[in-house]
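Taking the hints into account, I'd like the entire structure generated from these sequences.
These protein sequence lines are chains A and B, in that order.
If you're matching positions, the first sequence starts at 1 in the working numbering and goes up one per residue.
If you're matching positions, the second sequence starts at 1 in the working numbering and goes up one per residue.
It should be emphasised that the hints constitute simulated quantities derived from the structure, not laboratory data.
The C-beta atom is built at its ideal place from N, Cα and C for all residues, glycine as well.
No false leads were slipped in.
Simulated restraints, written as ranges between beta carbons of each label pair:
#1 57(A) to 32(B): 19 to 25 Å
#2 8(B) to 26(A): 36 to 42 Å
#3 27(A) to 13(B): 32 to 38 Å
#4 8(B) to 67(A): 35 to 41 Å
#5 42(B) to 62(A): 31 to 37 Å
#6 5(B) to 9(A): 31 to 37 Å
#7 14(B) to 57(A): 38 to 44 Å
As a list, the in silico DSSO-like pairs of lysine-lysine whose alpha-carbon atoms are at most 30 Å apart:
#8 45(B) to 68(A)
#9 44(A) to 106(A)
#10 66(B) to 44(A)
#11 83(B) to 47(A)
#12 44(A) to 55(A)
#13 13(B) to 77(B)
#14 45(B) to 44(A)
#15 106(A) to 45(B)
#16 47(A) to 77(B)
#17 106(A) to 47(A)
#18 45(B) to 47(A)
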Amino acid sequence: QSALTQPPSASGSPGQSVTISCTGTSSDVGAYNFVSWYQQHPGKAPKLMIFEVTKRPSGVPDRFSGSKSGNTASLTVSGLQAEDEADYYCSSYAGGNNFVFGGGTKLTVL
Amino acid sequence: QLQLRESGPGLVKPSETLSLTCTVSGGSISSSSYCWGWIRQPPGKGPEWIGSIYYSGSSYYNPSLKSRVTISVDTSKNQFSLKVRFVTAADTAVYYCARREEDTATVDLWGQGTLVTVSS
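Structure representation (structure tokens):
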């Protein structure tokens, strides 16, 4: 199983929206609606932001939203805030009790 | 609130075995609603799924690591453990233990992580 493909970087000004893509295959992202997104600040553990493609855990602002089309999932952060600056990773169930992660996208708030 | 905490040596010599334990506090590991897993993240890279185990003892591994990895569970101690044999520098990473929610196939809780360096 190969890692999911994410752009290495993304950026936007405060208040703007930014979308991060996550491309997999028909064996992972395309096969299951079990795509998650994680936010990771330096030196910290990843924090779940989106699960099952579009759902937000309790406490995650509704500025964060997810979607999927075919083998590509996306995370959109609307109304960018300074605290959104972090690394973002996607993950997908890949069958057989296995998961695959993306290489990460560094989001910079300009 | 349930918490996970990794423990084990921070330095392992090449060709030896990396051993880590995850202690679950604030809740029981013996739940059919969850599966318990290990994830690692090499410096500057994305996470990699290592494998997982149910409280019953059924375990599943990343095919790329399966030949070197064993995950076990001790329900009496509310712990689960990871062993990676024949380590090399490529196994240097922050190792996280994590909880996976069954119905949503989501890793919803991570430990704080522990850095393991493979070096002589």
